[in-house]
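Q: Sequences listed follow chains H and L, in order.
The opening residue of the first sequence carries number 1 in the numbering used here; numbering runs sequentially from there.
The opening residue of the second sequence carries number 1001 in the numbering used here; numbering runs sequentially from there.
Simulated from the structure, these hints should not be mistaken for laboratory data.
Keep in mind the model is a prediction, meaning the values are calculated, not measured.
Treat the hints with caution; some may be incorrect.
Stated by the list, open to error - Pulled a few chain L residues facing chain H out of the computed Cβ check, cut under 7 Å:
no.	residue
1	R1011
2	F1012
3	F1126
Where is the CB? At the ideal position from N, CA and C, for every residue including glycine.
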Amino acid sequence: MNQMVSAKVLEYRGKTLNFTPEDPAEAKIPAEELHEHLQKPSTARTKRLKDRCRWKHASAGEFIEKSVTAGIERMRYLTEAHKASVGQPEPIRRALGLANVLNKSTLVLQQDEFIVGYHAEDPNMFPLYPELSHMAVQDYLMSDYSPQPASEAAEINEYWKPHSLQSKCQPYFDMKDLGRMYQVSSMEAPSFASGYNSIVPPYETVLEDGLLARIKLAEKNIAEAQKVMTTFPWNGTTGLDNIAKIDNWKAMVIACKAVISWARRQARLCKIVAENFETDPKRQAELLEIADICQRIPAEPSKGLKDAMQAKFFTFLICHAIERYASGYAQKEDTLLWPYYKASVIDKTFQPMDHMGAVELVEMERLKISEHGAGKSRAYREIFPGSNDLFILTVGGTKADGSDACNDMTDAILEAAKRIRTAEPSIVFRYSKVNRPQTLRWVFNCVRDGLGYPSIKHDDIGTAQMKEFSKFSLNHNGATDEEAHNWVNVLCMSPGIHGRRKTQKTRSEGGGSIFPAKLLEITLNDGYDWSYADMQLGPKTGELSTLKSFDDVWEAFRKQYQYAINLCISTKDVSRYFEQRFLQMPFVSAIDDGCMELGMDANALSEQPNGWHNPITTIVAANSLVAIKKLVFDEKKYTLEQLNQALMANWEGFEEMRLEFKRAPKWGNDDSYADPIITKFYEDIIGGEMRKITNYSGGPVLPTGQAVGLYMEVGSRTGPTPDGRFGGEAADDGGISPYMGTDKKGPTAVLRSVSKVQKNQKANLLNQRLSVPIMRSQHGFDIWHSYMDTWFDLKIDHVQFNVVSTDELKAAQREPEKHQDLIVRVSGYSARFVDIPTYGQNTIIARQEQDFSASDLEFLNVDI
Amino acid sequence: MKIPLITEIQRFSLQDGPGFRTTVFLKGCPLKCPWCHNPETQRPVQEYYYNQARCVSCGRCTAVCPTGGSTLVPGPGKDMVLQLDRSKCINCMRCVAVCLTEGRESVGQAMSLEDILQEVLSDEPFYRNSGGGVTISGGDPLMYPLFTLELAKRIKEHKVHVAIETSCFPKDWKTIQPLLEYVDLFIIDLKSMNPVKHEEVICWPLQPILDNFERLIESKANVRIHIPVVPGFNDSPQDFADYISYLEQFADRIKGVDILNYHVYGEGKYISLGRAKEYQYKGVEENPPEKVLPLARGLKLAGISSVTIGGLVGITTSREEHGRDAGMRCVA
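Could you put together the complete structure from these sequences and hints?
A: Dropping the structure here:
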């Protein structure tokens, strides 16, 4: 306690080690307070904005700030329009709904902000989506966060029940199967119940063309289609296609016009405040500048960096929060903004500013995202502890010609993230050996400040995955080899194309995960779940007595997995079927070149396949299989019956046996016994069986090993497992990461294990915790850089780091109020540590701290 | 060829030579440094650590102990507590096998050469990117010259950098000479320049060590010197002056000197090994880091290019030494 950062003396084999921080000022900071000192907002304004930021973080399903509630305006105006538009074509009804919300909703303008716009009537509120999930709304109605007046909200929700996605999809499934999914223990609830979605909006068209140009395009297409329909000789086999197209284009026009007038309402508001209320002449001028921007943007093309940031934010709000809910913040931020950075910072031709001006804009944007709220159901709030939603932007990587895509905008984004220290949006860095060192330095600076991001993805692997999926394009218009370089993380882990078309518009990675740990548990009980739901949770795959060999266990698990994965993907796809008929997204369609050209709704058009799906808790299942093989079938020390007896007793009275199962080889130690089994488990079953399935987009389904917060929730619903875990304990915390605390051989051995899984292309999350003093010393960058180059050579898809000391984590548990700025990596996202429930905090503390040497090491510092 | 027991194979070591390294610790050392921090590497036989904090006095060990070394006796409360009598221990390790709380841990593992080789070569890709390799340490690897030679040779077949950490004690140069072909870096511990102190305190003559060191230099081997600075033993101005004047002769022929300040962390290991009485430095205070500065400055003035306190050979340096993309990807 109260140990200084530099005073960290470690002893290692007869030598002592003193780490001198690279920044000598840090020597005076107690180690457990380090992260409170790393915040350095670039201006007084961003500091004020952060101090008064209205966070929407949830912990254990509850919002942390007491004033947060759901708003009613969006659901009210959407419903009003839906009732008024009966009989009109469905896409047009959707557009009219959006227009009604945008035309009538209360605008929010806050002190000090330069990027404006909000998605609810009050900055403490967020909208709800009864048309997606009436169950989620019901959940709010019964809570302290209910929209007011509650009776009106209840009435609205009642109205939507027959129209909702859930009601439309459910009849096509057996309630027995759905009942199993609603347990959220072997499978997540079907996505039609949660309404979960994630997209990559084609921001490029908004910034490059402006919406007026999009309207013109749609109108031209309508005119041409009408011409075709009136031209001799009529051909009914193709001519009738124009009806749906015309409806879609008309909907696009309505949506774009509504967005323009909504932006211009913001402009008017700024002007009114400037001219009638604001007394500070500086702010007055600024409000007039914002008014000017919102008058032009997003109607016209962006000309400078301020334009681009505002256009991007408006687009984000519509695509992710107003037209419908969609998770994510998926853009190639540095590539997207570079032309505008160049215009404003380098050429100074429009909205001139210096580099720090760009940094301030990014800081302000990060705070807008921090303030953003999503009306997620209680279950979804529980699985994202410490955050408000999944916002992940992507930077770095390579251009179409393979050259370095990093630029000064990349550095501005990373610098802003380091300075302002917010949990969101998270950042993905596409690591390539051609990336310039100055940008890698910024990546490292963020990592060693303990932000948990950038999480690092292998640039070549992502590009190869885009090419692979492209082969399965249903309209033979997937990503070209050049376009394959244009990828971003759609959510935490899965890559998808960014750009003017071919981006992902409907969920892939999220919403409907599969949980192998629970599947393994029920495999040992003929598909029956004795520990949590007390019901038959999967098919009958054989009593224990019929499992005579390890292969029998393996094959029984395979059958459980096939059953569950089939349900997971088919429920997702049935959701897609109805979404394109009743939940069209006319605005998203309008800004996609593909939808615009083909007159199709964004839910329907899928040019570049996206077959990603999350297995979560894989390593508990994998380690369990290893222990079973070793102790039951190879060494024959125990029978399966004995094992089951011990599991049913939650190991009580079987301590010796539990220790043996716990000591069995574990993933992450470069172990010659465990690794081949686990590699095969991934390649043959987790990826292999998934791959046999083709989803709506035409692509094979591939695993994107993950965790979100589900490793905790599912862990609590999973009984004792043969890896020596007690019932209810958390499951493994991410994709392909070793189970917490079981990687004993250091970070190189973890990478060696992980690198063995290669077949059936995958995206897979890897957590590493690195020692604070080493990372903060002058050798930190070189050590990290060598480590990263080897990670790259080993062809591992992903890695992310927690660089926070156990001391500081524990200090934050004792005195949370003093550690508001302590950010940690949970899984695919970062969160404020103090906002995470204790149970989750403990799993983060339990992750093995990789000291780049067993427990201590020594080395040094002053080369005199 | 006798294969020594291994106390640990430490992957991702940063302090035992250049770059990311894997260090193999062999069990057994002929010297008797009273301040030794790693008592578990002194004896060439298996031992065990006893961690009292983890022991729940369940008595499982007493049931398997063939000599009565572990017994349950009435404790201060009404519970029985475990009593250890290490003098009766025959190192059969049965108690370690039955312990459920991981209160006992064996030290010294028998491994085959192939297994050792497989483990040390696993991190080969990391060596490439960091300019690292394998360090054979101990104990003293020259306790097992044939094994060390064979291991170095086999590692070298894979073109991996090999370092050994030794006191260079052997009285016969022929023990060391064959290693020249396979060892890229010799890290030599020079514990004192005073032959009387050396012989009396460490129980080994100084001369063979100096002879070996000088022959290594003549043979153009890469040598780095470690100087452990121990309170009351070799930390007087005269000791420092002796080091400086001796090493000055080789200033341009050695790779560098690392000064390792004595510290007090060794005691816990003696206690866990049941050998607390052997630890003669109980209560001795550490020197403040400034204490070794005159030695460091003197060595630097004597013309030795690389002098560190603590002993890291950084990764950037090693990349340059290896002539690999040095500077290309390192930020100045």
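Q: Each hint: holds or not?
A: Hints, one by one, checked against the model:
1. Taking 7 Å as the C-beta contact cut-off toward chain H, the hint placing L/R1011 at the interface holds, the least distance being around 5 Å.
2. At its closest, the beta carbon of L/F1012 sits 4 Å from a beta carbon of chain H; the interface hint therefore holds under the 7 Å criterion.
3. Taking 7 Å as the C-beta cut-off, the interface hint given for L/F1126 holds, the closest approach to chain H being about 5 Å.
In this structure, every one of the numbered hints holds.
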